[in-house]
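Trainee: With these hints in hand, go ahead and build the complete structure from the sequences.
Chains as they are written, first to last, in this note's numbering: chain A, 1 to 290; chain B, 1001 to 1334.
No lab work stands behind these hints: they were computed from the structure. Check the hints yourself; a few may be wrong.
Claimed, not checked - Derived Cβ-Cβ restraints for the label pairs, each shown as a range:
#1 Val1170(B) to Pro196(A): 47 to 53 Å
#2 Pro1328(B) to Gln179(A): 50 to 56 Å
#3 Pro196(A) to Ala1116(B): 28 to 34 Å
#4 Val1170(B) to Gly77(A): 57 to 63 Å
#5 Gln179(A) to Met1001(B): 36 to 42 Å
What the hints assert, rightly or not - Residues from chain A that face chain B, not an exhaustive set, calculated with beta carbons under 7 Å:
#6 Gln185
#7 Glu187
#8 Gly193
#9 Pro196
#10 Pro206
Glycine is no exception: its CB is placed at the ideal position from the N, C-alpha and C atoms.
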Amino acid sequence: MATKASRTAARAMMSPSVILLLGWMLIPLALTLYFSFLRYNLLMPGGNPFVGLENYEYFFTDPAFQTAVVNTLLLVGGVLVVTVVGGILLALLLDQAMWGQGIVRILVIAPFFVMPTVSALVWKNMFMNPVNGLFAYLAQSVGLEPFDFLAHAPLASIIGIVSWQWLPFATLILLTALQSLDSEQLEAAEMDGAGPFARFRFMVLPHMARAITVVILIETIFLLSIFAEILVTTNGGPGNASTNLTYLIYAQSLLQFDVGLGSAGGVFAIILANIVAIFLMRMIGRNLDA
Amino acid sequence: MGAITLEKVTKSFGDVDVIHPLDLRIEDGEFVVFVGPSGCGKSTLLRLIAGLEDTSSGRIVIDGADATDVPPAKRGLAMVFQSYALYPHMTVRKNIAFPMRMAGLDKAEQNRRIEAAAAALNLTDYLDRRPGQLSGGQRQRVAIGRAIVREPAAFLFDEPLSNLDAALRVGMRLEISELHTRLKTTMVYVTHDQVEAMTMADKIVVLSAGRIEQVGSPLDLYREPRNLFVAGFIGSPKMNLLTGAAAAERGATTIGIRPEHIAASPDTGPWRGIVGVSEHLGSDTFFHVRIEGRDEPITVRADGEVSLHHGDTIYLTPDENRIHRFGPDGLRLA
Ligand SMILES: Nc1ncnc2c1ncn2[C@@H]1O[C@H](COP(=O)(O)OP(=O)(O)OP(=O)(O)O)[C@@H](O)[C@H]1O
Ligand SMILES: [Mg+2]
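Mentor: If you want it as structure tokens, here you go:
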């Protein structure tokens, strides 16, 4: 993009996609914003009068609201911790030369190809079910009381399920980062007197910093809007113990048919996502600079 | 202190023998250069000494103690890699400090050594930069700095100059030689550049296919190459090797004569030839001369001012005292 002519050409070439993407983003955003200021309930046909911030007031004072925000952040944070730590450990393991490496790698990647609803159902019915589940069977076989995961630790269970799905993604990205580490650097560190832990701390981890950042940013985008896993396992319950923002908005706009309220929630979700994004970029964004 | 002894050391990767049983003694304070063609096992040998590879058999003794199974960090050796292997996320200062930090040296001592090394290597202005912001020569100096501050028993260099341009290479060559005179620490230096080997070494080890061909001072190797391989490898341009009648006359299978030991004259001499390509270097001129009945041209050094042209007739007189004679097994005849 050195010359003026090539810059102009580049802009002309890019403009259709930019305009399309902008429309794609802006129209739903504008409509959501617009609906959030209307009293708009599908069960009450008739006019949709403008009510100002009433929907926001209802949304923020909803008893489930605070829980939902906390749950959203816990869900994102919990899954991030499990997948990044687990991903680093798995990547270190898979980087070792071992017998059957190819098969093991495929096995590790497999969960990523399973649809969220399917994996959540499998976990719910085949593993965590207190009567028929594998965990219950294992607990009974050593003489313990089966634990009803989804009833007594709903959020932790969902964090577990979602982490299982995202672990392969983290592992894969971190593994490629690990493999691009110059082996002479590690050898130099070894000669400089760095033991395995010091090498990990001073060579491997800084080298993977950028990949870890990418994993965190991409996962955060998807994890803020986790929905299917909650819908098929706990339905946000018991009570609202596993309700996150997405699920709360769904409950309000589609279970209570209140479009206005749901839109207000949507606008808040956008704001929350941006706050999280700013926070993340402040904390780890500099890792992305060359 | 840094005397290193290899006793019957071998190395195989799988069923490929890379180093054949090999004995070598490196005295304390010596500058030893491993030289040989690509793939002959120079790096492998250096890595065996460093401890980065395990020996397949044999013993490595450092300062009288068996170091065969000692991990690299405990051998007290410092290595400078061909790729420099600097830590890209650390500043130059932190790079140099890293080995001392690992050894748990106190901060004041660390800083003292960093300042000293930086001053010696002209790095003072770059201490707060990262390796990515340095030129190749500067990176090389950082790598050397990182090795110096450890005050090792011996330095190991694996082709440290091969990524530098020719002018810088000559400069760094001198700097490393000066460093050696100043520190008087053992240095083991790998190169495939025989000029580096000749100019820097106290002792050259010529390797070929995992075997030592000859060990000796640069001039020993130049004056008395033990076999045809060393004869062809040491010296630039290469020694002329002749077989046939010229060799038989002198009771050998092959004779070798260096380009600088042949006198060229336009009218008298035992060997008559035709000038082919000539290379004018200013101080010297090298003529590639075709002699009747021989496929290979003979290289001859003449004064830079001699003017002979392509196609001219030339007479060559070899210096009989400096003809090397080799037997049918390729070994030097007494
Ligand atoms: N890890 C390894 N596994 C198998 N073979 C190896 C390994 N490392 C080196 N080799 C083989 O050992 C031989 C010697 O390699 P080495 O790197 O010591 O050569 P070198 O003399 O340093 O060559 P160069 O001048 O090109 O650096 C080569 O034939 C190489 O293919
Ligand atoms: Mg090598």
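Trainee: So, for every hint listed, does it hold in this structure?
Mentor: Status of the hints after comparison with the structure:
no., hint, result
1, Val1170(B) to Pro196(A): 47 to 53 Å, "violated, 40 Å"
2, Pro1328(B) to Gln179(A): 50 to 56 Å, "holds, 52 Å"
3, Pro196(A) to Ala1116(B): 28 to 34 Å, "holds, 31 Å"
4, Val1170(B) to Gly77(A): 57 to 63 Å, "holds, 58 Å"
5, Gln179(A) to Met1001(B): 36 to 42 Å, "holds, 40 Å"
6, Gln185, "holds, 5 Å"
7, Glu187, "holds, 5 Å"
8, Gly193, "holds, 4 Å"
9, Pro196, "violated, 11 Å"
10, Pro206, "holds, 4 Å"
Of the numbered hints listed earlier, those contradicted by the structure are 1 and 9.
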